[in-house]
Amino acid sequence: MTDAIRFLLNGEARVVEGLDPTTTVLEYLRGRERLCGTKEGCAEGDCGACTVVVAEPDDNGALTYKAVNSCIRFLPTLDGKQLITVEGLKGADDALHPAQQAMVDCHASQCGYCTPGFVMSLFALRHTNPSPSREDILQALAGNLCRCTGYRPIIEAATRMYDSGSGNAFDAPTRQTAGRMGQFDRLVGLRYEANGHEFIAPRSLDELTAVLKQHPQAHILAGGTDFGLFVTKQHRRFDRLIYLGEVAELRTVTESTTHVELGAGATWSAVLPLLDRHWPSFGELIRRFASPPIRNSATLGGNIANASPIGDGPPPLIALGASVLLLGPDGERELPLDAFFHDYRRTDRRPGEIVALIRLPLPVPGSEFAVYKVSKRLDQDISAVCGAFALRLQNGLVAEARLAFGGMAATPKRARLAENALVGRPWNAATVEAAAVALARDFTPLDDMRASARYRTLTATNLLRRFHLETTGAANARIAYG
Amino acid sequence: MAETCIEGGVSAAIPHDSAHKHVSGEAIYTDDIAETPGTLHAYVLMSPRAHARIKSIEVSAAAVAPGVAAVVTAGDIPGKNDVGPIFSNEPILAAGVVEYIGQPVLAVAATSIAAAREAAQRARVEYEDLAAVLSIEAALEAKSFVAPAHEMKRGDAERGLGRAPLRLKGEFRIGGQDHFYLEGQVAVAVPQEDGDMLVFSSTQHPSEVQKMTARLLDVPAHAVTCEVRRMGGGFGGKETQPAIIAGIAAVLARKAGRPVKLRLDRDDDMLITGKRHDFLMRYDVGYDEQGRLLALDMILAARAGHVADLSPSIVDRALFHADNCYFIPDVRLIGYSCKTNTQSNTAFRGFGGPQGMLAIENIVDEIARRLGKEPLKVRKLNYYGTTTRNVTPYYQAIEDNVIHEMTAALEASSAYVARRREVDSWNRAEAVLKKGLAFTPVKFGISFTTTFLNQAGALVHVYSDGSVQLNHGGTEMGQGLYIKIAQIVAEEFQIDVSRVRITATTTAKVPNTSATAASSGTDLNGMAALTAAREIKNRLTAFAARHFQVPTASVRFIANRVEAGENTVSFGELAGLAYKARVSLSSTGFYRTPLIHYDRSTASGRPFFYFAYGVAVAEVVVDTLTGEYKVTRADLLHDVGRSINPAIDMGQIEGGFIQGMGWLTSEELWWDKAGALKTHAPSTYKIPVARDLPADFRVQIWERGENPAESVHRSKAVGEPPLMLANAVFFALKDAAHAAAGTVPKLDAPATPERVLLSIADARSQTKLLAANAE
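Chains as they are written, first to last, in this note's numbering: chain U, 401 to 882; chain W, -5 to 769.
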C-alpha cells in the first residue's frame, strides 16, 4: 500500500502516484503537467531558472512563501503544501502579477529564459518583505543568474513592483488557501512508493526512530540541496529514502544562557537571525554561501552529515566548539564536531543514525570570533578557503584558540600548529606572524579549479592577519559585503 | 481628432515583443514545443580521452537496452560526417579518433533521456591513447595549427622597433569564456514525407543547420527546413555549434524513423561545445618617453581546439582590433589558430575583437605605468587622428572617429581627474584596501569580415485587413532584433507596431541567410525588411494615386491612415481596396552592405562599413589580503548612432558590459592535466550575479551619436561593442594591484581574486629580490 502525494498546484488540488520518489518537481511540472514556464538551466540549484515557490501555513494559519529550486527538489517533499509556479501568478482578469508587470515595465527580460525564475524570486520577496532595501533585493536575487541584462533593470523591477500596491491574487485569500491545505493533513507520515522505491516522511521523532530502526540502511534526505545532485548529476536511484523535513522536533532552535541548541533539521534561513545576533560574520557567511532558494531548503544537519571538505557550515561550528548529537536505534550520543569528520566524505555516523542536534556555546567575556570565506564570486560560490577563528583573550594573552578551515584538507579541519603558536602568547602582530608560519605547515592543500595550493595557503594565513586587524580595531581591514 | 503619430515607430523605447510572454512563462522555447507522439529522447556518449585512436566500438548491448530505438556512430551517418563552416572534415561523431574529452562518440535515441543514458553506458568503446596537445604553448612549439597563420602589417615593424628609444617585450594571457546561455543547446528533428526533415533548433544560424543537416543526411537543402522562434540566449555559442546538436538529432531521427529531441544537460553542453578562445599574446613594442607608440610586433595565438570551426575568422578579427583606438606607425601582427585537444572554440560576442583590443590596451597601460604617467593621458596621446594618423594596420582609413569627443564627454561627466586624485590619496592612507581607477575606449568594426556574409533577406505580407506579417533571416536570442525590425516596418507603413506580427525565423520563408552574428542583425535584416516594406508601400502609393486620381506625390502614409489628396482612408481600408484591385501585397526584400571589401592575401581593404565607439570608466576596491574586490562604480558612454529603440539598446550596453566584466573577472575555465574541463557547471563556473553589478552604475547612450554611413535609420550596431567597455574593470584592478605592489604587477585575464593577489605578491617579492641584489 502506498500513500499518494497530495498538494495544491497553484490553485488546484493534485493527487500524484506512480512517479519515482526522486522525480524532481521540475520534471513533474514540465513532464506530467506540461507546465513549461519553469525552466531547467543547470539541474543543480545554481542558476535559478527553475525557481518556484512553496507555500505552507505558519503557526498562525497564514501562508509563508519560500522560493526553492525545483530542479533538485523531490516531488514527495511537496506533500501537504502549495506549489506556486510562474503560470499561477496572473490574476483572474489575466492581469500580470505586480512582479511580472514590473519586469515588463523595467525592460528586465531579454532572452526571457531566466525570467520565470526571477519572477518567482521577486514574488517570494514581495510576499515576505514589505519594503526591501537594496541589500535585501541583492540577497533575494542571489540564486538567479541572468546572462543578458546585467541585472540593473531586474533590481529596479524589484523596487518598482511595490508601486502597484496590493491588488493581486495572492494578497487576500491566503488564509482560505491555507484552509484548503487542511485537507492534506496527515496523522502519520507519508509512506510513498513507486517503481519499488520508497519515500518515508516521518512526522515525529518517535516515528523517525522507529523507521530508522526498521531501515538502518536507508538513505537519509534532509534539505536535498546536495542530495538532489546524486539524482540529477550522478543519476543514482535509491531504494528507500527517509525524509527528515517533516519531523518538527528536529527543527527546534532553543537558547539558554550558556548554549544554543540548533535542531539539525532547521534550515539555514531559520537559524540566520540567531547567527546574526551572536556571530554576525557567521550570518554573512551563510548569506554568501547559499542563495535564498538553497538556504530555504538546506539544513544544518545536512551540511554536516554530507561531510563535504568544502561545506561552509563546519569550519565556524568547529571553531565555536560545537558538539553534535547523533540519534540512532540505540539512543543518543554526543561528540565534538571536529571528531565527527574522519576523512574525505567519511564520518562517525553509523547506520541508522542521524545528526539530530548541534550544540553551540554562547560567547563569553573575552571571546573573539570571525569566519571568512574566499571565493571567485562573492555570492553563491563554493569556498576556495573558509577560515574560522575563535579566541578567548585573558589579560592580553590568548587563553584559548580554535582555528578551523574548509578547502584546505580532505575534511573541515583545525589548524593545531597555529593554535599552539597562539595560546599563551600576547595577541599582537608578532604572535600572528609566528602563527601564520605554523599555519602554513598545518595544511597541504590541493591545486584545483577553485584555487591553487599557493593561493589557498597564502589566503589562509592572510585571513588570520585580517582577524588580528579586525579584533584590534583596524578600520578598512576588508571590503564590506553589503 | 486624428492620431498624429504611430505607436512603436522608430526611436520608441517600447518593450521587447515577448516581454509579457517571458514574465508569464508563456514564451515557447525549443524544449517547450509540444512533442509529437512517439518523440524519442537522445543522449550523447562523450570521449573520456583527450586524444586516442578508437580501436573498437561495440553498441549491440546498447541497441537492445530497454526503450532504445536507435544507436548511431559515425558509420551510421548517411552523408558526409562534417559540419565545418570554413574547412571540411569536422565530424559530429568521432570517426576513428577522438580529439578531446567530451567529444561525441555515439548517440542513442530512446523513449526517455534516462533510458538513452543508461543504454549508452552499455556501449563498449576501446581506445588507444595518442599524444595530446593541451596548451597554446605546446601547440606553438609543435606547430600544431588548424589553419595557416595570418599576417597583417603596415610600415616596417622591425625597423620601427630598432629606432624606438624605448622598447618592451612581454607576454599576456587572456582566458576564454563559456557562453552560459541559460537555455542549453537543443534541437528536435521531425521526419516528414519524401525523406524531408523538419528541424526545430535553438540556433543563431538556421541556414547553416539546414545546410549541414542536408549534408549529413545526404539530401538536397530543399529537403530540410529549420525553424527557430527564439533562443534562451546565444552570444555566438549558437552560431555553428547547433549544427552538431541538430545533426545528431536528425541522424537518429532518420535511423529511427521517429522524431528525436536532443537537449544537452548543462555539464554535457559545457563539455561538448566550444567557447570564447583563450589567447596568448607575445609582443615587442617600441615607444618614446612620452608614451607614444612607434612600432609593434605581436603574435596573437588562440586556442582553436580540435578543429577549425570559425577560428581563422576569429583570429582575423583579433588582428583587426589589435589597434583599438590607437595609431601604430610600424606594425606587424601575426595570428595563429592553434590546434589543441580541447573543445573547438567558437564565436562569442566580439568574435576575437575583445582579445585583440585587450592586448593593445594592456600594452598601452604597461607603457604608461612604466613611464610613471597617467594611463588615460597616454591613451589619448595615441588615439587615431580624424584626418591624419588615421590609417589602420589593414589600410582602412577611419573616417568616422568620434573617440576624442566621447572621451572628453565621459572624462567630464565621470569626474575622472578628481577621482584619480581621490583614489591616489586613499591608496596613500590605506594599508589593506587599495582602490583602482581606469578609463578605456572602444572602437569596434562593423560588418562580417568575410564580405559575402553581409547580405540579408526579408519577406513582408500585408493582408487585406491591413495587418502585416513580417519575416526575415535574423534570429531572436533576446537582443530585441524582432521588435526593432517590426518598428522599422511599422514606421515605413506608418502603422502601430501592434499591427505587425513577428513570425519565427525559418529557412522556408527566407533562404540562404547569414548567421545573426557580428552585431549585424538589425543593420542587415532591418534594411532588407525596409526594402520589402517600401516595395509594397510603393505599390500601394501607385494604387492610391490611380484609385483616387491624384498625383503619387500627394499620397502620404501618416499615423495608421493614408491621405491621397483630399481623400483619407485607413491603412486597412487601402489594403482591402488594393487587394480587390489585384495589387500584390507581398514582397521580399534584399540587402547587401555597400562599399566593403577585404583582400585576405594582402591583408588590406575596407572590411568595415563603419565603426561603433564607446568609452568607460571603472573604479574598484581590492582587498590585498585575499585579492577579492568589488567594482564600486562604472560610467559608460556608448555610441549607437540614432537609436531605433533606446530601451533595447540600453539593455545591450548594460548586459554587454556585465558579461564582459564576467569574462575578465570571475569566469575561469580550468582543465586538469589530462585535458578534462573541470569548470562545467554554474557550481564551478561563475558568471556575475546581481551583487556584482557596480553599486554606482551610470550608463548613457551618446546623445550626439549618428551614423555617417547609410545604415538603417542611421543607427549603429550594438550587440558586441559594449562588451569591451568592461576592459576598464580589468585595468582598474591592475591599477589597484599596482598601488598595492608599488611596482608594475603582471596581471593576466581573468583577474580572479587569486590572480590579483598573486600579481601583487609576485611584484612585491620581485621588488624585494631586486633590493636584496642591489645590496
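Hints in this document: simulated from the structure, not taken from any laboratory.
Hints may contain errors.
Only pairs whose alpha carbons sit at most 16 Å apart, straight line, appear in this in silico EDC-like list of lysine to aspartate or glutamate [said to hold, decoys possible]:
id: 1; chain 1: W; residue 1: K15; chain 2: U; residue 2: E732
id: 2; chain 1: W; residue 1: K667; chain 2: U; residue 2: D847
id: 3; chain 1: U; residue 1: K613; chain 2: U; residue 2: E732
id: 4; chain 1: U; residue 1: K481; chain 2: U; residue 2: D458
id: 5; chain 1: W; residue 1: K624; chain 2: U; residue 2: E535
id: 6; chain 1: W; residue 1: K15; chain 2: U; residue 2: E535
id: 7; chain 1: W; residue 1: K249; chain 2: W; residue 2: E20
id: 8; chain 1: W; residue 1: K672; chain 2: U; residue 2: D847
id: 9; chain 1: W; residue 1: K672; chain 2: W; residue 2: E399
id: 10; chain 1: W; residue 1: K667; chain 2: U; residue 2: D848
id: 11; chain 1: W; residue 1: K672; chain 2: U; residue 2: D848
id: 12; chain 1: W; residue 1: K574; chain 2: W; residue 2: E560
id: 13; chain 1: W; residue 1: K49; chain 2: W; residue 2: E112
id: 14; chain 1: U; residue 1: K633; chain 2: W; residue 2: D123
id: 15; chain 1: U; residue 1: K633; chain 2: W; residue 2: E112
id: 16; chain 1: W; residue 1: K163; chain 2: W; residue 2: D262
id: 17; chain 1: W; residue 1: K15; chain 2: U; residue 2: D847
id: 18; chain 1: W; residue 1: K249; chain 2: W; residue 2: D212
id: 19; chain 1: U; residue 1: K490; chain 2: W; residue 2: E20
id: 20; chain 1: W; residue 1: K374; chain 2: W; residue 2: E399
Going through the hints against the structure:
1. With a C-alpha separation of about 54 Å, the suggested pairing of K15(W) with E732(U) is violated against the 16 Å cut-off.
2. About 11 Å separates the Cα atoms of K667(W) and D847(U), which keeps this hinted pair within 16 Å; it holds.
3. Taking the CA atoms of K613(U) and E732(U), the gap is near 13 Å; set against the 16 Å cutoff, the hint holds.
4. Distance hint between K481(U) and D458(U) is fulfilled; the C-alpha atoms sit about 11 Å from each other, no more than 16 Å.
5. Simply put, K624(W) and E535(U) have alpha-carbon atoms about 15 Å apart, close enough for the 16 Å limit, and the pair holds.
6. With a C-alpha separation of about 29 Å, the suggested pair K15(W) and E535(U) falls outside the 16 Å cut-off, and the hint is violated.
7. Straight-line distance between C-alpha atoms of K249(W) and E20(W) comes to about 33 Å, which puts the hinted pair past the 16 Å bound.
8. In summary, the hint linking K672(W) to D847(U) is supported, as the alpha carbons are separated by about 12 Å, within the 16 Å threshold.
9. At most 16 Å may separate the alpha-carbon atoms for a hinted pair to count; K672(W) and E399(W) exceed this at roughly 45 Å.
10. Our distance criterion of 16 Å between C-alpha atoms is met by K667(W) and D848(U), whose separation comes to about 10 Å.
11. For the given pair, K672(W) sits about 9 Å from D848(U) by alpha-carbon distance, which is consistent with the 16 Å threshold.
12. Restraint check: the Cα-Cα separation between K574(W) and E560(W) comes to about 22 Å, which exceeds 16 Å; the hinted pair is violated.
13. Restraint check for K49(W) and E112(W): the C-alpha separation of about 22 Å exceeds 16 Å, so the hint is violated.
14. Among the hinted pairs, K633(U) with D123(W) is inconsistent with the structure: their alpha-carbon atoms are about 27 Å apart, more than 16 Å.
15. This hinted pair checks out: K633(U) and E112(W) have alpha carbons roughly 13 Å apart, not beyond 16 Å.
16. Our distance criterion of 16 Å between C-alpha atoms is broken by K163(W) and D262(W), whose separation comes to about 40 Å.
17. Annotation: proposed proximity of K15(W) to D847(U) is violated, straight-line Cα distance about 45 Å (limit 16 Å).
18. The straight-line distance between the Cα atoms of K249(W) and D212(W) is roughly 13 Å, inside the 16 Å bound, and the hint therefore holds.
19. The hinted pair formed by K490(U) and E20(W) meets the criterion: a straight-line CA distance of about 12 Å does not exceed 16 Å.
20. For the suggested pair K374(W) and E399(W), the alpha carbons sit about 11 Å apart, so the restraint of at most 16 Å is met.
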